[in-house]
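Trainee: Here are the chains, one letter per residue:
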Amino acid sequence: MTGPAHTGSYLSDPRVRPMEWLPWVLALVCYFAAPTYLPLGSYILIMILFALSLDLILGYAGIITLGHAAYFGFGAYVAAILAVRVTADPLIGIAVAGISAGLLGWLTGLVILRMRGLTLLMLTLAITSICYEIANKATALTGGADGLGGFNMKPILGLFKFDLFNKTGYLYCLLFLFVAWWLVRRIIYSPFGASLTGIRENVARMHALGSPVYQRLVAVYTISAALAGVAGGLLTHTTEFVGLKVLSFDLSGDLLVMLILGGVGRIYGAFVGPVVYLLAQDSLAKQFPEYWYFGIGLMLVLVVMFARGGILGIVDRLLLRIRRGNT
Amino acid sequence: MLTRIIACVASMIFAASAGVAVAQTVKIGLISTYSGPTAAQGDQLDKGVKLFMKLNGSKLPPGVKVELVVRDDAGANPDNAKRIAQELIVRDKVQFLTGLVWTPNAASIAPLAAEAKVPFISMNAAGVGIPYTSDYFARVSFTLWQSSYPLGQWAGKKYKRAYTMVSDFAPGHEAEEAFIKGFKESGGVIVDSVRVPLAATDFSAYMQRVKDAKPDVLFGFNPAGKQATAQMKGFADLDLGKAGVKYIGPGDITTDEELQGMGDVALGVMTVHHYSAAADRPANKAFVAAYKKEYGANLNPGFMSVGAYDAMQLIFDAINAQKGKMDPQATMQYIKSYKNANSPRGPIAIDPETRDIMQNEYLREVRKVGGQLANVEIEVVGKMVKDPWKQLNPKK
Chain F
-14 MTGPAHTGSY LSDPRVRPME WLPWVLALVC YFAAPTYLPL GSYILIMILF
36 ALSLDLILGY AGIITLGHAA YFGFGAYVAA ILAVRVTADP LIGIAVAGIS
86 AGLLGWLTGL VILRMRGLTL LMLTLAITSI CYEIANKATA LTGGADGLGG
136 FNMKPILGLF KFDLFNKTGY LYCLLFLFVA WWLVRRIIYS PFGASLTGIR
186 ENVARMHALG SPVYQRLVAV YTISAALAGV AGGLLTHTTE FVGLKVLSFD
236 LSGDLLVMLI LGGVGRIYGA FVGPVVYLLA QDSLAKQFPE YWYFGIGLML
286 VLVVMFARGG ILGIVDRLLL RIRRGNT
Chain L
4 MLTRIIACVA SMIFAASAGV AVAQTVKIGL ISTYSGPTAA QGDQLDKGVK
54 LFMKLNGSKL PPGVKVELVV RDDAGANPDN AKRIAQELIV RDKVQFLTGL
104 VWTPNAASIA PLAAEAKVPF ISMNAAGVGI PYTSDYFARV SFTLWQSSYP
154 LGQWAGKKYK RAYTMVSDFA PGHEAEEAFI KGFKESGGVI VDSVRVPLAA
204 TDFSAYMQRV KDAKPDVLFG FNPAGKQATA QMKGFADLDL GKAGVKYIGP
254 GDITTDEELQ GMGDVALGVM TVHHYSAAAD RPANKAFVAA YKKEYGANLN
304 PGFMSVGAYD AMQLIFDAIN AQKGKMDPQA TMQYIKSYKN ANSPRGPIAI
354 DPETRDIMQN EYLREVRKVG GQLANVEIEV VGKMVKDPWK QLNPKK
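Going down the list, the protein sequences come from chains F and L.
For what it's worth, this note's numbering labels the leading residue of the first sequence as -14, then goes sequentially.
For what it's worth, this note's numbering labels the leading residue of the second sequence as 4, then goes sequentially.
A portion of the hints provided could be inaccurate.
[What the hints assert, rightly or not] Using 20 Å as the maximum straight-line C-alpha spacing, the simulated SDA-like pairs for lysine to any residue come out as follows:
# : chain 1 : residue 1 : chain 2 : residue 2
1 : L       : Lys386    : L       : Met361
2 : L       : Lys160    : L       : Met361
3 : L       : Lys30     : F       : Tyr22
4 : L       : Lys288    : L       : Glu368
5 : F       : Lys230    : L       : Gly39
6 : L       : Lys160    : L       : Lys120
7 : F       : Lys152    : L       : Lys288
8 : F       : Lys271    : L       : Lys96
No lab work stands behind these hints, which were simulated from the structure alone.
All of these numbers come straight from a predicted model, not from anything done at the bench.
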């Protein structure tokens, strides 16, 4: 076992360590301690779920993509169109959003995962652009550049109403994030997860071992797309509005940045990155509404230059130094 | 001794609470576009707001202060804008929402404002149907129907065949619909209509199609800012003027802050709009002079700056009317009967039934005045025009 223990792998102990409960405790503390921050909080939870889905394919399976917003946006639009035209029940909406994004992930994955490296990167970009243009042009269905709104979500299970303070929305997002985290964790600690890491580290060797590389990649890509679709559906439900931005290249880029900021290939990087990035963005945008992008840019440059492995990478190095100091 | 301490503490508490009662702070949430490719429009709003605050920021009842909470929506980005508005309402507890370059953003916020009972004043976003979706929405800017419908009626009498080219989002569709209705009523024929993606920066391919269709007149609409210059450039690059096509549209296509950069190709372009920096009303001359003093002699205020300025005026008037103790319902009542005879664009008022703006619409032509391009007002095509669309489609 090389590398930090909490990145997870088939060989390490799959039991949940006490530290791993920390994010959930913090999330619940935030719910009670900062009730006016819940709209932002829900958005952060959604982005964590989205980042988690990206971490699964980028961090573990090594699929480099700049087009993950396609599945997020597809899920968001499916949830919105469903709410406008069929039913505004949130749980059905999430299920349909997740399944249809998964289907799209499977179909596109079948095509693009035959490639690797730069070609794959270009193809993922192309898929996002195609989805974006379809949403932009199919105004009757998607509202085009005006976005799609004017629907009100029904209470969850007929009991919990979405409110202005986003209290329901926050817990709703937290619940789905928890399920997704459990699922991703199971995958990573399974033999399937180990084979993904193998593919990332040495494809030729996995082929030599007789591992069905392509099928494994398609499978994980489908799961990841479905999770991204769920995240998109959650965004639609909590804001009751969806705009073209959810399908944009910018969003894929921002997401990648958040994940790199937190640390790639280690589950909790997907938790730390969005929190730091979005809180920094929120406070910078408030203090300098005109120049806040500069602050974000500076932060990124510093992380890339001095903190390889993201914020969790720094934490690892610090812990290592402390341990060495003790012995 | 003890009684003295109690008295002392009690008087301090009293003083403190009295202090709270006197020092009223009215919070105004301002959502505008400060980053991204359309920051130029946000800059126009910002300049209008800052100019107002500099000239009139202290004209408030004694003890009342105004605090602006400014947030960036980064362009036409409705779900993001809605979240920002939600935060302004929940976290910052603003008593007014204002700003908004973009119709999609304003449309996503409007129902939220009604739910939270926060008066929401659009400085620019012109989507015609928004007031119907929210009782707490009012507009000081304009609707496309106000300008494009009379323009269509006017153009239909002078020209036979028209081509329309609009940005593909709600205000663009409204401009197109209004112009076509007016143009046909006056006996004109529409050759073809094209909708350009909102993010387009190159219009030459679309202009080529216009050139091939050989219309008498091209009706254009874009969300002003740099796109106005880009569309004019497309018109110039294909020499449509020489091919005998007249370029017309609402004032967005020759917006004053961009006009100098468009060059002489803009000469002769006819528009209908509510504001021109070249207008010789005394209120406008004073406004333009103050603007140039603040931001430089070469900069002209565009209609968005005026919209922002007038919106701030309305908000300040509402605060003064209630002496800083804001009650949302009373504010909306006040806004419904609001009149301002001295806006830089002439007299304006809010239509009590629709909470939309009423203002004069002017027919203008781009001419050279003192070596500079200017939107010269030729005639008033409508006095205190109510939004025609709402006259045709009353709320059920």
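Trainee: Are there hints from earlier that the structure breaks, and if so, what are their numbers?
Mentor: 2, 6, 7
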